[in-house]
Amino acid sequence: AQKVTQTQTSISVMEKTTVTMDCVYETQDSSYFLFWYKQTASGEIVFLIRQDSYKKENATVGHYSLNFQKPKSSIGLIITATQIEDSAVYFCAMSAGTGGYKVVFGSGTRLLVSP
Amino acid sequence: EAAVTQSPRSKVAVTGGKVTLSCHQTNNHDYMYWYRQDTGHGLRLIHYSYVADSTEKGDIPDGYKASRPSQENFSLILELASLSQTAVYFCASSDWGVSQNTLYFGAGTRLSVL
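Protein sequence lines, in the order shown, are assigned to chains R and W.
Position 45, counted from 1, in the first sequence is what the numbering used here calls 45; the numbers after and before it change by one each time, with no gaps.
Position 99, counted from 1, in the second sequence is what the numbering used here calls 214; the numbers after and before it change by one each time, with no gaps.
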């Protein structure tokens, strides 16, 4: 069975600093995909970045990057030069197995960026 | 323009009543999903579908039915609504072959069962 765990309930940082959010996952499948999504205060959920399990390079999109540590089943999200508008809830998710139909989410980490 | 549209955006239902939540996507995606969000629980998968006229149970299907009459439409049905089904419901679509199951979400439906 697949499982995604986010242990950080909330994080507070100052604007323009770097923040890392943790996520660990469990799966028996050798091929899987890991995602990070952002839920804004309005409730909107948007896709941020994806890591494919077979790729060694960490994914990077804009000021979002991933720290993929496969031996530790860990996929951290790094946000550099944080902005006020980065304040949101961030969800880690995983899709695994043949077809990968099911996408399982973690419980989320709330990020507050202060000026 | 929104590619995944949910209706209604909010609804108040009575205990024991029937509730239907609708979802329409214009992404031309094969896969569609219904998730439930409760405070502190993240998103939990209720039902999903990868082809019209077929649905699959997710992790928490009890008390819910789903219907996929076409590629574009996916409904979630609560035959006998209960207080415990008060939550925010999200519909999503994805294309496995193109984006490895990256989900595109609707705006959500806030359901209150009284």
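A few of these clues could be false.
Stated by the list, open to error - Straight line, CA to CA, 27 Å or less: simulated BS3-like cross-link-like pairs of lysine-lysine: (1) Lys38/R to Lys133/W; (2) Lys126/W to Lys38/R; (3) Lys133/W to Lys172/W.
I should point out that these hints are in silico values taken from the structure, not numbers from a laboratory.
Hints versus structure:
1. Lys38/R to Lys133/W: violated, 32 Å
2. Lys126/W to Lys38/R: holds, 25 Å
3. Lys133/W to Lys172/W: holds, 20 Å
In this structure, only the earlier hint numbered 1 is contradicted, and the remaining ones agree with it.
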